[in-house]
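Undergrad: Please model the entire structure based on the sequences and the hints provided.
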Amino acid sequence: QVQLVESGGNAVQPGRSLRLSCEASAFSLRSFAIHWVRQAPGKGLEWVSVISFDGSDKYYSDSVKGRFTISRDNSKNTVYLQMNRVRPEDTAVYYCATHVIDSSQSQIPFGDWGPGTLVTVSS
Amino acid sequence: DTVVTQTPLSLSVTPGQPASISCKSSQSPRHSDGKTYLYWYLQRPGQSPQLLIYEVSNRFSGVPNRFSGSGSGTDFTLKISRVEAEDVGLYYCMQTIETPPGFTFGPGTRVDIK
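The listed protein sequences derive, respectively, from chains A and B.
1 is the number of the first residue of the first sequence in the numbering used here; add one for each residue after it.
1 is the number of the first residue of the second sequence in the numbering used here; add one for each residue after it.
Heads up, some of the hints might be wrong.
[To be verified] Partner residues are not named here, just some residues of chain B that face chain A (Cβ under 10 Å, in silico):
(1) Gln50
(2) Asn58
(3) Pro64
(4) Phe67
(5) Asp75
(6) Pro100
[To be verified] Sample of chain A residues lacking proximity to chain B, with all beta carbon distances greater than 12 Å (derived):
(7) Ser25
(8) His35
(9) Gln39
(10) Pro115
Just so you know, the hints here were simulated from the structure itself, not pulled from any lab data.
Remember, predicted model here, so these are calculated numbers, not experimental data.
Glycine included, C-beta positions come from ideal geometry on N, C-alpha and C.
TA: Okay, structure coming up:
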């Protein structure tokens, strides 16, 4: 099982920036597309963004497009989520999760998850 | 925008009894490659979500065979043949969007034990 760990969550004021990191332990992330998914307190899951294994493709939800940027540094085995111009509604636990294509060419999004990191946006 | 709904939103089940959750989408998760990208996840209390079922009916690695998925078109179902105490939690269906690429979760169904 893939072990992912998120970090960088913190309390931040509206309009400020924050960068989240997703690292893998004991294996290489370079083979995986990686998603960010968030969960506001007491709410459901919301997909945020995904980056392909080599960083060439990136996609965002409408709610974060233009404010958040996903990137990766495979030499550091880390995927990032740069959060700019944050809003109170960005308050959530942010999870990173893998996306793989198995040997049968089945798409498997969010197969492995990290424990999450909490971002609180408040003045 | 694609909207995914689930019914019921809450379910209380006696251990050993079956349970069923319905997932309906405003847009079919069948993509141009002919595959249907509909998934089920379980989030146990205090834990990260975990994948149960991928592409409608395939159990993910390590998932007990009491879980099964079915459906087609815009209507899908997750069934638990005999609910156990460890099955308590929030169940989410999710579909992928082909163009532009995206992923939409349902609101979740809370399952608890009577």
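Undergrad: When the hints from earlier in the document are held up against this structure, which numbers fail?
TA: 3, 4, 5, 8, 9, 10
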